[in-house]
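Visitor: Given only the sequences and the hints, what does the whole structure look like? Please build it.
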Amino acid sequence: MDWQGQKQAELWMQILLLVFSVGALATGYIIGSFRMMMLIYAGGVFFTTLVTVPNWPFFNRHPLKWLDPSEAEKHPKPQKAVVSKDKKKSSKK
Amino acid sequence: MHSFGYRANAVLTFALTILALMCAIASFSDNFNFPSPSAEIQIVGFNGFKKKPHGNDEVSLTMNITADLQSLFTWNTKQFICSDKLGFGCPMTIWNPFFFVFVAAEYETPQNSLNQVSLWDAIILAKEHAKFWIQTKNKYRFVDQGSNLRGKDFNLTLHWHVMPKTGKMFADKLVMSGFRIPEEHSV
Numbered sequence: 001m002d003w004q005g006q007k008q009a010e011l012w013m014q015i016l017l018l019v020f021s022v023g024a025l026a027t028g029y030i031i032g033s034f035r036m037m038m039l040i041y042a043g044g045v046f047f048t049t050l051v052t053v054p055n056w057p058f059f060n061r062h063p064l065k066w067l068d069p070s071e072a073e074k075h076p077k078p079q080k081a082v083v084s085k086d087k088k089k090s091s092k093k
Numbered sequence: 001m002h003s004f005g006y007r008a009n010a011v012l013t014f015a016l017t018i019l020a021l022m023c024a025i026a027s028f029s030d031n032f033n034f035p036s037p038s039a040e041i042q043i044v045g046f047n048g049f050k051k052k053p054h055g056n057d058e059v060s061l062t063m064n065i066t067a068d069l070q071s072l073f074t075w076n077t078k079q080f081i082c083s084d085k086l087g088f089g090c091p092m093t094i095w096n097p098f099f100f101v102f103v104a105a106e107y108e109t110p111q112n113s114l115n116q117v118s119l120w121d122a123i124i125l126a127k128e129h130a131k132f133w134i135q136t137k138n139k140y141r142f143v144d145q146g147s148n149l150r151g152k153d154f155n156l157t158l159h160w161h162v163m164p165k166t167g168k169m170f171a172d173k174l175v176m177s178g179f180r181i182p183e184e185h186s187v
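Quick note, the sequences are listed as chains A and B, same order. The numbering of the first sequence is full-length UniProt numbering, which starts it at 1 and goes up by one. The numbering of the second sequence is full-length UniProt numbering, which starts it at 1 and goes up by one.
Read the hints as simulated data drawn from the structure, not as lab findings.
Which chain B residues stay away from chain A? Per the calculated CB distances, all over 12 Å, these:
no.: 1; residue: Gln42
no.: 2; residue: Asn47
no.: 3; residue: His54
no.: 4; residue: Asp57
no.: 5; residue: Pro110
no.: 6; residue: Ala122
no.: 7; residue: His129
no.: 8; residue: Lys139
no.: 9; residue: Arg150
no.: 10; residue: Gly151
no.: 11; residue: Lys152
A short, non-exhaustive set of chain B residues, derived as facing chain A with CB atoms under 8 Å:
no.: 12; residue: Met1
no.: 13; residue: His2
no.: 14; residue: Val11
no.: 15; residue: Phe14
no.: 16; residue: Ala15
no.: 17; residue: Ile18
no.: 18; residue: Ala26
We treat Cβ as the ideally placed atom computed from N, Cα and C, and that holds for glycine.
Guide: Here it is, written out as structure tokens:
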């Protein structure tokens, strides 16, 4: 799942659960059945799980574009880290 | 949200938080139910009034109980208790809402300002059965602690206990007064 997909999955999880809970509560209250409220909500949780938990293809529409290896070779990593490492080693000695 | 496990965890915790909130709202919704229960108890007759060997008065009576307690049922009602033997021998059926009712005789004696004796109880399993009429003898013995019952004025009180599916259990009662026990022992 890419970054956009993760954001979308979380957003949809919250929206779906809230919508199902409000729907379940309203239906249960109107028809006077606590059991029906629980059943609708359980169904809603199951549906939400099915939609947002597995790594569906539609959560992978924005793949990260890494640089080509050839491109990376043209911009070598700064050597600073290596230098500082040496300095530390020398200082320890 | 980067892995299956994290997403499953997020769905579960958020779903349970909402579930708790829904239960709280369901419990709160009971406040918008304004019940108007009605009940009437008539004493058909006294079948016996005797002094037991150790001196306690015992009364046996037959009564007509008419009650309409349907308005006490809400969608959040699991059990409605209309008896004072709370929970004893009750079928604790979680999925079927029911309620429990009891009739108590209440009177005053020199020793105690309130004496309560349970005479009859019932469990009502469905709203349709909450409107009922029954003629019954006292199911439990009406015995005083002493011999104070001759010519005693007493109340018959219909108590009920409502057990909601979520939220606080509550109880209420209807008091019917103006009953009097015979002056003389019949045996």
